[in-house]
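Trainee: Okay, here's what each chain looks like letter by letter:
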Amino acid sequence: MQTLTVFYDARCGLCSRFRRWMQAQPSYVTLEFVPYDSALAKERCPQIGNLRADEEIVVMSDEGSLWQGAAAWVTCLWALCEYREWSARLAHPTMQAMARRVVHWVSGNRIRLSGLMRLTPDEIRKEAHVGSCADGACRVDADG
Amino acid sequence: MNETVISYGLYLVIAIAMTIWVAKTLHKSGRIFLVDCFRGNEELADSVNHLLVVGFYLVNIGFVSLYLKTDTEVVGAQGVFEGLSGKMGVVLLMLGGMHFFNLYVFTKMRRRATLAQMAPPIPPMPQA
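These protein sequence lines are chains A and B, in that order. At position 122 of the first sequence (counting the first as 1) the number is 813 in our numbering, and the numbers step up by one without a gap. At position 13 of the second sequence (counting the first as 1) the number is 105 in our numbering, and the numbers step up by one without a gap.
Here chain A stands alone, though its shape is the one from the complex:
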């Protein structure tokens, strides 16, 4: 895998904060962040409409493989140099059962959590639409 595309919620402050955090980390593969409800997302992944990407995060490899929910989170960690070891730990079936519950709860309450933590979503932040994010997808190249 050379590129991992993350279909995130640009209207959610917590998700946007997570995007910025991930972009700041050294990664094994190139990372691209596309708002799940954008035209670009439909173009890259036509089946995204059937996946309920509004409920659980979806990530896609450049070969077209898809992961959703807890598995998508694990795959995001796998892409980062500092957290690949953690992704292996979290992929264990017992950890996955717990991760699925946590991820489901966080996803369901993400707008409320963003409000509580006063996090600004990318849709409101101007910086998301300039520089590396100019064409609607935020891209960061692999370094490891």
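Quick caveat, the hints were computed from the structure, so don't treat them as lab data. Just to be clear, a hint being listed does not mean it is correct.
[Said to hold, decoys possible] Here are the computed lysine to any residue pairs in the SDA-like style, where the Cα-Cα straight-line distance is at most 20 Å:
#	chain 1	residue 1	chain 2	residue 2
1	B	K200	A	P717
2	B	K200	A	R780
3	B	K200	A	Y774
4	A	K733	B	M217
5	B	K200	A	E776
6	B	K120	B	V97
If you're wondering where the values come from, they're calculated on a predicted model, not measured in any experiment.
Once you have looked at the hints, place chain B on chain A.
Mentor: What follows is chain B alone, placed relative to chain A:
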């Protein structure tokens, strides 16, 4: 030549011989680890191996020479053995510590190399 000088001489010979032996073992057995870390790049592995051994020699021989001087005067054959065994015990522990530290470095490098080639831990969703 009094007993103190004899124990200094013996100490230097034994300590340096031990350092050479451990460094040679490290050099010989560590190579395969490093070749694996650098995905079969033997040239790079040999270079790193050599650099590690040079560092190992510098630290150990540096310690051995700093630790040479004894504060008490050595008297008789018993004094030579006692002084020598105390000194050698510390030097051997130091060598052991350095050796384990090198093993730790090797394992860490190998772990990083394994991680870099790891596939995503969870298989993707079945495609419709």
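Trainee: Now look at each hint and say whether the structure bears it out.
Mentor: These are the hints, each one checked on the structure:
For the proposed pair B:K200 and A:P717, the alpha carbon gap of about 18 Å is at most 20 Å, so the pair holds. For the hint linking B:K200 to A:R780, the alpha-carbon distance of about 17 Å falls within 20 Å, and the restraint holds. A threshold of 20 Å between alpha carbons decides the hint, and for B:K200 with A:Y774 the separation of about 15 Å falls inside it, so the pair holds. Between the alpha carbons of A:K733 and B:M217 the distance comes to roughly 18 Å, so the proposed pair stays at or under 20 Å and holds.
Note on B:K200 and A:E776: the hinted pairing holds, with a Cα-Cα distance of about 12 Å set against a maximum of 20 Å. A C-alpha spacing of about 34 Å is found between B:K120 and B:V97, which places the hinted pair above 20 Å, so the restraint is violated.
The structure fails to meet hint 6 from the earlier list, while all remaining hints are met.
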